[in-house]
Structure formats: structure tokens, C-alpha cells
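Asker: The residues making up each chain are set out below.
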Amino acid sequence: MSVSTGPSTRSRSWRWTAITGVSLLVLVTIHMVAHHFVVDEVGGLRTYQHVLDYIATPAIFVIEGIFLVVVTAHAMLGLRSVVLDFGLSEMWRRRLERALVVLGIVTVAYGFVLIGVLASRA
Amino acid sequence: MGRAPAPTPEREPGVEEILRARAPQGPVSKKLPGPVAWFDVRSRSTGHLAFSMNRITGLGLVFYLYLHLAVLSTLLGGEDAWNGFLELATTPLFLGLDVLLVFGLLAHGLNGTRLSLIGSGFVPNHQKALFWSFMAFGAILLVYTAVHVFGGEG
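From first to last, the protein sequence lines are chains U and P.
Each step along the first sequence adds one to the number in numbering that gives the first Met the number 0, with nothing skipped, and position 25 is 24.
Each step along the second sequence adds one to the number in numbering that gives the first Met the number 0, with nothing skipped, and position 28 is 27.
Hints were generated in silico from the structure; no laboratory data involved.
Backbone N, C-alpha and C fix where the C-beta goes; we use that ideal spot for every residue, glycine too.
Please note: incorrect hints may appear among the correct ones.
Rough simulated footprint, nothing fancy, chain U against chain P, three-plus residues with beta-carbon under 8 Å [as the list claims (entries may be wrong)]:
{"no.": "1", "stretch": "67-77"}
{"no.": "2", "stretch": "84-94"}
{"no.": "3", "stretch": "107-115"}
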């Protein structure tokens with residue numbers, strides 16, 4: 000049996016998708032400009048040492064960390080809404096949400112380990 | 000004992016031609032089924048096109064998020080591993096994929112902004128005009144980005 004999610008759940012998830020989406024407009028702009036528009040190399044890619052120095056800057060580390068959390072949350076909310084179109088039952092909807100929470104946590108944790116290790120090498 | 004089915008009445012001459020003419024023409028009439036119908040943009044309205052584009056670019060960006068994490072993981076392999084990636088990433092094909100990524104970001108970001116503005120009631124509901132205005136703005140930014148990416152200077 001297919002059970003649709005209630006209006007409050009839908010509006011809450013829509014609100015969070017919009018909030019994270021608007022935050023991403025700022026964060027993606029910072030990320031893209033800082034990574035690709037201030038470097039004069041072709042493609043705007045930094046050298047190895049430049050990447051380490053960049054990520055070890057405390058303000059950049061915090062901004063990239065926030066970016067990682069927000070982009071992952073937005074991605075998981077988006078995936079949820081695409082999969083919910085298949086008309087999942089209440090039980091499968093809960094399983095999907097739990098799976099996406101786990102995937103999101105693993106993604107954020109891996110991202111933090113990655114930037115943490117790189118920052119420590121600078 | 001069941002009754003025999005009623006015989007199909009013979010159609011008048013010319014009816015078959017009319018029915019054939021009324022039937023939807025070509026593969027466009029065969030839309031994808033329910034949950035993935037949004038994926039099929041053939042002969043759809045601007046609103047549907049915007050919705051489909053948002054989802055297709057969104058799924059592409061989720062894929063890119065994990066690809067990006069995988070690529071950045073090469074930094075853990077040290078300077079040689081990163082230099083190897085840089086050689087590959089500065090080929091025209093990969094620079095073209097960078098521009099494709101920016102297209103996805105602009106299309107998804109600007110369309111999402113349009114949806115947020117309308118959904119939250121900040122702007123009147125002129126969906127079509129807003130959509131094409133945002134896409135025109137996005138096209139200008141995309142051309143600027145492409146010139147920058149291939150030119151290598153800001």
C-alpha cells in the first residue's frame with residue numbers, strides 16, 4: 000500500500016530544501032571563485048602545496064566544512080524527493096529516510112577527515 | 000452458460016482514417032510511466048521543462064559531489080598523484096566537463112532560486128517570464144565562465 004507523506008512533512012522538507020539551496024548559492028559562489036577564479040593557471044586548478052595552504056587557512060576550513068554539511072543535506076533532501084515519487088509505503092519511506100541520514104553522515108564524516116588530513120599536512 | 004460477446008459493429012467508411020488522424024503521432028505520445036514521467040520532456044510545457052531540468056541537473060550534481068570527493072582523495076596520495084590528476088584535468092575534454100558542471104550549477108541554482116521566490120510568495124507568480132529571465136542570465140554567466148576556464152585568466 001502506498002502512503003503519501005503528510006502536508007507538514009512535505010512543507011518542512013520543502014522549507015529545508017529551500018533554506019539549504021539559498022545558502023548554497025552563497026557557498027558555491029565562494030567555493031567556485033576561491034578555487035577557480037583567483038588562480039591564473041588553465042582551468043583555475045591549484046598546485047598541491049597551494050591546495051594544502053588554502054585548506055589550512057582557518058576561515059577557509061570553516062567555510063568548506065559548512066559547505067560540505069549544507070551541500071550534503073541538500074543532496075539527501077533532493078534524493079528523498081525523487082525516490083518518494085515512486086509512491087513508497089510508510090515503512091519503506093522510513094527506511095529510505097534512515098538510509099539517507101546514514102549516507103549523509105558518512106559523506107560528511109569522510110569529507111571532514113579528508114580536509115582535516117590535508118590541512119594537517121600544510 | 001456464458002453469453003456470446005456482442006459482435007463489434009462494422010465502422011462506416013472513413014472512420015478508421017479519422018481515428019488514425021486523431022491518434023497522437025510518433026514516439027512523443029509514448030510518455031514514460033508515472034514516477035519517472037518528469038524525465039520525459041518531449042512536447043511538454045515550460046513549467047514541466049523547468050521541473051525536469053531541475054531534477055536532471057540535481058541528480059547530476061549529486062553524482063558530481065561523490066566524484067569530487069573521489070578526485071580530492073588523490074591529494075592523499077601526495078604531490079605526484081595530484082600532479083598526475085592536474086595533467087588530465089587541464090585537457091580540453093576535462094575543461095569542457097568543467098563548463099558542463101557550471102551549466103548544471105547555474106541551471107539548478109537559478110531555477111531553484113526562482114522556485115524559492117515563487118514558493119515563498121516574495122515575487123508574483125510569473126513562472127514563464129522568471130524562468131526565461133533566469134536562464135538568459137545563466138547563459139551570460141556560462142559564456143563568461145567558459146571563456147575564463149579555457150582562457151586561464153580572470
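Asker: Which numbered hints turn out to be false for this structure?
Answerer: Nothing - there is no hint that the structure violates, so all of them hold.
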